[in-house]
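Participant: The primary structure of each chain is shown beneath.
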Amino acid sequence: MIILYIIASIVVPLSFPFISWALGRWYQAGITSKLMENEKILGSILDDKMSVTTSNKVSMIGAEYSTLLHVSLCVGPSMGQMFFMWLKSIFGGRLHSYDVVLDFGRREALLRLKQQAAERGCTSIVNIRIETSVVSFAKTQKSKQASVEFLAFATGIR
Amino acid sequence: MQGQTISLLMSNVESIPGKNVVSSLGLVTGSTVRAKHIGKDIFAGLKNIVGGELKAYTELLNESRNEAIQRMMMDAHARGANGIVNIRFATSNVAAGASELFCYGTAVVVE
Chain A
4 MIILYIIASI VVPLSFPFIS WALGRWYQAG ITSKLMENEK ILGSILDDKM SVTTSNKVSM
64 IGAEYSTLLH VSLCVGPSMG QMFFMWLKSI FGGRLHSYDV VLDFGRREAL LRLKQQAAER
124 GCTSIVNIRI ETSVVSFAKT QKSKQASVEF LAFATGIR
Chain B
5 MQGQTISLLM SNVESIPGKN VVSSLGLVTG STVRAKHIGK DIFAGLKNIV GGELKAYTEL
65 LNESRNEAIQ RMMMDAHARG ANGIVNIRFA TSNVAAGASE LFCYGTAVVV E
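Respectively, the protein sequence lines represent chains A and B.
FYI, this note's numbering numbers position 107 of the first sequence as 110, with every residue one higher than the one before it.
FYI, this note's numbering numbers position 13 of the second sequence as 17, with every residue one higher than the one before it.
Since the hints were made in silico from the structure, they are not lab data.
Where hints are given, some of them may not hold.
Straight-line C-alpha distance at most 25 Å; calculated DMTMM-like pairs for lysine to aspartate or glutamate [unchecked claim]:
hint, chain 1, residue 1, chain 2, residue 2
1, A, Lys37, B, Glu57
2, A, Lys37, B, Glu71
3, A, Lys91, A, Asp106
4, A, Lys37, A, Asp106
5, B, Lys59, A, Asp106
6, B, Lys59, B, Glu71
7, A, Lys91, B, Glu57
8, B, Lys51, A, Glu122
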């Protein structure tokens, strides 16, 4: 009984990063495919009637309504992925897990911006800006729990 | 903030689309510093096992950013402006467990 307990107490913490990594990969694949579906459904509708641009040199004469749109979104990789990234960062190189998470966050933020614009009846979005910042509300400095915030803001015009 | 809602025309381009800017009233700012409820922090920590979107943080940031915007609008309203142009946002981690959300713009009078 005691031997079992000792084995469990060694195996469980050791396997935790692997479990978390695998769960993270599975969960993130799910949300990414959901996002791609949404992009297909909403993206096609919005691309027809909206002109989305990062430029502010757009002819805005005749606009009857304008509003500020802003969306923020927090994403973070899973603990297991963070552990493997820490290992990977010893050798340097591309951190694939981070790529995936950040790409997801940015696309989701843009999608929500479009949704917000559609809700308010805007026909075009101008001057889109995307900002990235690291936010952590963890109470201790020791904890590595970090998340990345994406803020997308723009002006919607009708 | 005392029950009254101020509605101003806001944009992050140089003018209010479709309107004429008459005069500029200078810089207006709004900021708020927020920390997280520790119980929600634990749930966010659990969510970190799988990663992805951290809804508790997203919610918190959205509501505090709205508050920052509200403060900026009150500042502009106090100066007698009816629009804010060129709005920018900034986020910074001022202390462990707290974030500052800051927004600024130029108060203008439009016709």
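Participant: Against this structure, judge whether each hint is valid.
Facilitator: Here is how each hint holds up against the structure:
Proposed proximity of Lys37/A and Glu57/B is supported: the alpha carbons are some 13 Å apart, at most 25 Å. This hinted pair does not check out: Lys37/A and Glu71/B have alpha carbons roughly 31 Å apart, beyond 25 Å. As the CA atoms of Lys91/A and Asp106/A are separated by approximately 19 Å, the hinted pair is consistent with the 25 Å bound. At roughly 14 Å between alpha-carbon atoms, Lys37/A and Asp106/A fall within 25 Å of each other, so this suggested pair holds.
A distance of roughly 17 Å separates the Cα atoms of Lys59/B and Asp106/A; the hinted pair therefore holds under the 25 Å criterion. For the suggested pair Lys59/B and Glu71/B, the alpha carbons sit about 18 Å apart, so the restraint of at most 25 Å is met. A distance of roughly 23 Å separates the Cα atoms of Lys91/A and Glu57/B; the hinted pair therefore holds under the 25 Å criterion. Distance hint between Lys51/B and Glu122/A is unfulfilled; the C-alpha atoms sit about 29 Å from each other, more than 25 Å.
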